[in-house]
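Heads up: the sequence lines are chains Y and U, in that order. Following full-length UniProt numbering, the residues of the first sequence are numbered contiguously, the last one being 579. Following full-length UniProt numbering, the residues of the second sequence are numbered contiguously, the last one being 157.
Honestly, the hints are just simulated from the structure, not real lab data. Fair warning: there could be bad hints in the mix.
To be verified - Calculated lysine-lysine pairs in the DSSO-like style (CA-CA distance at most 30 Å, straight line):
1. U:10 <-> Y:182
2. Y:166 <-> U:42
3. Y:287 <-> Y:276
4. U:13 <-> Y:166
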Amino acid sequence: MEDDYFSSDDDYQCSDQESMEDFEEPDFKLVTAKGPTTQVITKESLLVAQKEDLRKVMDMLSVREHHARTLLIYHRWDVEKLFSVYVDRGKAFLFAEAGVTVDEHRASDSSLSSSIMCDICMEDVPSDESTRMDCGHCFCNNCWTEHFIVKINEGQSKRIRCMAHKCNAICDEAVVRTLVSKKQPDMAEKFERFLLESYIEDNKRVKWCPSTPHCGNAIRIEDDQLCEVECSCGLQFCFSCLSEAHSPCSCLMWELWAKKCRDESETVNWMTVHTKPCPKCHKPVEKNGGCNLVSCICGQAFCWHCGGATGREHTWTSIANHSCGRYKEDQEKKSERAKRDLYRYMHYHNRYKAHTDSFKLESKLKETIQEKVAISEGKDSKVRDYSWVNNGLGRLFRSRRILSYSYAFAFYMFGDELFKDEMTEKEREIKQHLFEDQQQQLESNVERLSKILEEPFDQFADSKIMEIRMQVINASVIIDNLCQKMYECIENDLLGCLQLGTHSIAPYKSKGIERASELQVCWTNKANDTGGTEEVDRPSGSGSSDESGYPSRKRARKDDIGVGLFDLNLPAAEVVDRN
Amino acid sequence: MQASRARLFKEYKEVQREKAVDPDIQLVCDDSNIFKWTALIKGPSETPYEGGVFQLAFAVPEQYPLQPPQVRFLTKIFHPNVHFKTGEICLDILKNAWSPAWTLQSVCRAIIALMAHPEPDSPLNCDSGNLLRSGDVRGFQSMARMYTRLAAMPKKG
Chain Y
1 MEDDYFSSDD DYQCSDQESM EDFEEPDFKL VTAKGPTTQV ITKESLLVAQ
51 KEDLRKVMDM LSVREHHART LLIYHRWDVE KLFSVYVDRG KAFLFAEAGV
101 TVDEHRASDS SLSSSIMCDI CMEDVPSDES TRMDCGHCFC NNCWTEHFIV
151 KINEGQSKRI RCMAHKCNAI CDEAVVRTLV SKKQPDMAEK FERFLLESYI
201 EDNKRVKWCP STPHCGNAIR IEDDQLCEVE CSCGLQFCFS CLSEAHSPCS
251 CLMWELWAKK CRDESETVNW MTVHTKPCPK CHKPVEKNGG CNLVSCICGQ
301 AFCWHCGGAT GREHTWTSIA NHSCGRYKED QEKKSERAKR DLYRYMHYHN
351 RYKAHTDSFK LESKLKETIQ EKVAISEGKD SKVRDYSWVN NGLGRLFRSR
401 RILSYSYAFA FYMFGDELFK DEMTEKEREI KQHLFEDQQQ QLESNVERLS
451 KILEEPFDQF ADSKIMEIRM QVINASVIID NLCQKMYECI ENDLLGCLQL
501 GTHSIAPYKS KGIERASELQ VCWTNKANDT GGTEEVDRPS GSGSSDESGY
551 PSRKRARKDD IGVGLFDLNL PAAEVVDRN
Chain U
1 MQASRARLFK EYKEVQREKA VDPDIQLVCD DSNIFKWTAL IKGPSETPYE
51 GGVFQLAFAV PEQYPLQPPQ VRFLTKIFHP NVHFKTGEIC LDILKNAWSP
101 AWTLQSVCRA IIALMAHPEP DSPLNCDSGN LLRSGDVRGF QSMARMYTRL
151 AAMPKKG
């Protein structure tokens with residue numbers, strides 16, 4: 001039975017593999033043969049995304065949609081886990097655990113008296129004004145409605161239990177919907193939204209895009225490994241920690257590094273060790289030599305040891321209680337260390353910053369290059385294809401980023417903060433050399449590529465252009481390989497042999513961070529296949545989502561990007577096609 | 001608001017009718033406010049609370065019965081799940097396990113049951129909880145009995 005589920009999985013996958021394979025440069029190694037593993041879920045396609053999983057469960061267990069949803073919410077939308085519970089523990093256990101009762105009582109309920117006594121309001125109510133849940137408990141509609149509203153307000157929409165004591169059953173969402181919408185339509189909408197968003201919030205495979213202001217999208221990944229992804233709003237982020245894409249840094253390293261850069265903690269650190277506040281004007285004072293009777297530029301003299309104010313006429317020997325030789329020794333060691341740490345940090349930070357800055361400058365280069373391409377294409381020349389320019393540029397941007405993050409990585413990999421006890425001094429030295437050699441090679445090739453791309457090729461003759469083309473392609477291929485090697489080195493030789501800390505990095509993607517595909521398209525195909533078997537719990541057409549009865553507010557987002565602009569992470573061929 | 005009032009009124013009538021049925025519980029509604037109730041419950045037999053009469057105060061929320069009433073002991077009691085100073089009660093049905101099917105009367109019954117079966121693992125009164133958890137049942141019982149005698153029994157003489 002599991003086979004069914006897995007094989008049908010392929011149907012759901014939407015792929016723009018075709019466009020990826022149009023990649024023009026034959027020299028480029030196609031590393032990712034697999035289709036896209038990430039998908040964008042927009043407000044509009046959220047319903048669809050949910051339905052996919054619901055359908056799997058509905059087909060498998062032959063239950064109705066709201067039962068499938070209750071089961072899935074209980075298992076945090078982990079279909080595989082749900083099925084494994086089903087296989088291991090059986091249907092009865094699976095249902096009872098999640099609070100699902102399937103129509104046992106409804107059928108046996110033959111006592112159709114004209115009125116019932118509601119145990120909540122203790123009133124006799126006509127039986128057509130009462131509702132019996134699947135669990136068999138019957139209360140009046142008023143009490144149910146009030147109960148639902150209270151629970152929705154408490155944020156428990158996903159698991160509204162029956163009102164009876166110790167009844168674990170989850171209320172039928174259709175009943176909730178109908179009863180609540182009669183009294184408070186806005187509350188029913190809220191309920192609906194909570195149910196829908198549960199798919200994102202309770203699902204480890206789906207996360208909201210962290211963009212601010214929020215683009216409204218969520219991203220779903222196929223396998224729950226570490227990866228970096230680009231939302232259709234253009235934001236690239238690490239799926240694991242939701243901050244900017246930072247490989248080859250691990251999430252922890254990046255978090256520490258970002259924090260360090262933010263609060264310049266090293267500077268503060270250095271200042272606390274090297275300076276003392278003047279007791280009068282409170283400016284930090286650095287001692288630049290001489291004895292420990294220090295005078296601030298404001299004229300105040302004070303003792304460097306205890307920071308207390310002294311008079312100018314006081315000589316060092318005449319101040320009492322200053323026999324702190326041992327204290328001074330510690331202080332020196334401390335200041336030595338702080339200085340070393342700061343220099344080390346500065347070393348890595350400067351390089352990190354340099355590459356980040358170049359990246360920003362080169363982003364401007366993009367425009368001038370586009371112009372050059374336009375000019376060249378306008379010329380009557382034999383060279384028709386300029387996709388290599390964009391390819392090269394993409395490679396340059398991508399590797400610049402990797403380079404800059406690699407410095408943050410090195411700072412922690414070979415520093416004391418994280419892995420002090422993981423390696424001996426000697427091991428660390430060897431590994432550091434290994435890494436730095438690779439980094440250096442990559443760096444020089446990136447600079448070379450940058451230089452070639454700045455050539456005014458629009459003014460060159462055809463033969464010269466072809467020469468530059470070859471140079472760009474060669475450099476790109478070399479850089480791609482070097483990046484690949486660096487990631488492998490980090491994964492296998494550096495992080496791979498750590499004992500204590502578990503650090504992992506997102507795998508290297510030759511084509512840049514994967515852009516999540518829109519879910520919309522696949523569903524339309526899928527729905528056409530299986531449409532018609534749908535249960536009518538809710539208006540949900542089998543055509544495109546515009547007919548699904550769900551508010552459809554398509555934004556122009558899709559068109560904003562890509563067209564006319566160069567996108568680092570699109571295969572260059574595609575961009576050129578559009579132009 | 002209207003629903004809670006109606007329901008409390010029903011409960012009131014029910015209480016009047018059942019007075020004889022359960023002599024251990026005496027539920028009284030405040031004369032001027034139907035959302036304020038007090039109850040006198042008898043300490044269950046074969047417990048250190050036997051012979052004591054304990055007073056409970058109920059504050060019923062407007063959302064009742066969808067939300068639980070707030071109940072606390074007015075009489076001092078030495079019990080792991082009752083706060084020694086405030087009388088606050090740690091009982092699941094008064095918190096997350098509340099069901100609207102409960103009534104004030106049944107809450108009283110649940111509290112009597114709690115007196116007979118303390119849950120030392122979720123203590124509000126740590127001293128009392130620790131006595132039980134360390135297995136000093138005698139110590140616990142004598143403390144509880146002492147406080148019952150001091151606070152929950154009519155003064156003799």
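Worksheet item: Tell me, which hint numbers fail for this structure?
Response: Violated: none.
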